[in-house]
Amino acid sequence: DAKTTQPPSMDCAEGRAANLPCNHSTISGNEYVYWYRQIHSQGPQYIIHGLKNNETNEMASLIITEDRKSSTLILPHATLRDTAVYYCIVRQTGANSKLTFGKGITLSVRP
Amino acid sequence: DAGVTQSPTHLIKTRGQHVTLRCSPISGHKSVSWYQQVLGQGPQFIFQYYEKEERGRGNFPDRFSARQFPNYSSELNVNALLLGDSALYLCASSLEWLTGFDEQYFGPGTRLTVT
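Those sequence lines, one after another, are chains A and B.
Start counting the first sequence at 1; every next residue gets the next number (this note's numbering).
Start counting the second sequence at 112; every next residue gets the next number (this note's numbering).
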């Protein structure tokens, strides 16, 4: 079972920041937070991951709370092409560390 | 460089038949994982193969099997197809054995419809 909770959907205006929340209250010390997204009819695409420090790459920023029980994925300037299902995943380290997907959050970017 | 490729892109089968889906990982990647995604749900882990050996298996019946070849490509086989096997089957590759530190790169998937 997925160890994360995400709202089912949200929307934002094009050009604005999209802040996607995720709760993972049972996360343990050796588990990372990963984000993937899936644009309609395509395979999931890796976005970013982190352990406890905030992370930023060319796609997004990941803010993890100090207690690590929740995180926020930030798309700084959302475009129409960012409309997708976004999955927040808590992933163990060690052997056989598979991705366990939940239902994700559907982000709709409006013009 | 090419990403993960899967074939065929679409497939229609009848209940009781057998199906083989194929995946070629990114060049240099040694690990392949298979996922099933039914409509409205997130992908569910089926298998992981690394260096031609099964390294992980999800909660799927024995009708599902897979193998990995010396060139690291992989096949997923499903026997005695059921209507509930209709789904998007995704293949993902990664450099090494899944450790939690690696990124998995997904292919476009094979859409299987069982009638």
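Hints are computed from structural coordinates only; laboratory data are not their basis.
A portion of the hints provided could be inaccurate.
Simulated crosslink set (SDA-like; lysine to any residue; CA at most 20 Å straight-line) [as the list claims (entries may be wrong)]:
| # | chain 1 | residue 1 | chain 2 | residue 2 |
| --- | --- | --- | --- | --- |
| 1 | B | K141 | A | K3 |
| 2 | A | K103 | B | P219 |
| 3 | A | K3 | B | Q155 |
| 4 | A | K103 | B | G195 |
| 5 | A | K103 | B | V225 |
The hints, checked one at a time:
Proximity of K141 (chain B) to K3 (chain A) is assessed by CA-CA distance (about 28 Å); at most 20 Å being required, the pair is judged violated. Restraint check for K103 (chain A) and P219 (chain B): the C-alpha separation of about 19 Å stays at or below 20 Å, so the hint holds. At most 20 Å may separate the alpha-carbon atoms for a hinted pair to count; K3 (chain A) and Q155 (chain B) meet this at roughly 14 Å. Distance check on the hinted pair: K103 (chain A) and G195 (chain B) sit about 18 Å apart at the alpha-carbon level, within 20 Å; holds.
Taken as a hint, the K103 (chain A) and V225 (chain B) pair is broken in the structure, with Cα atoms around 23 Å apart against an allowance of 20 Å.
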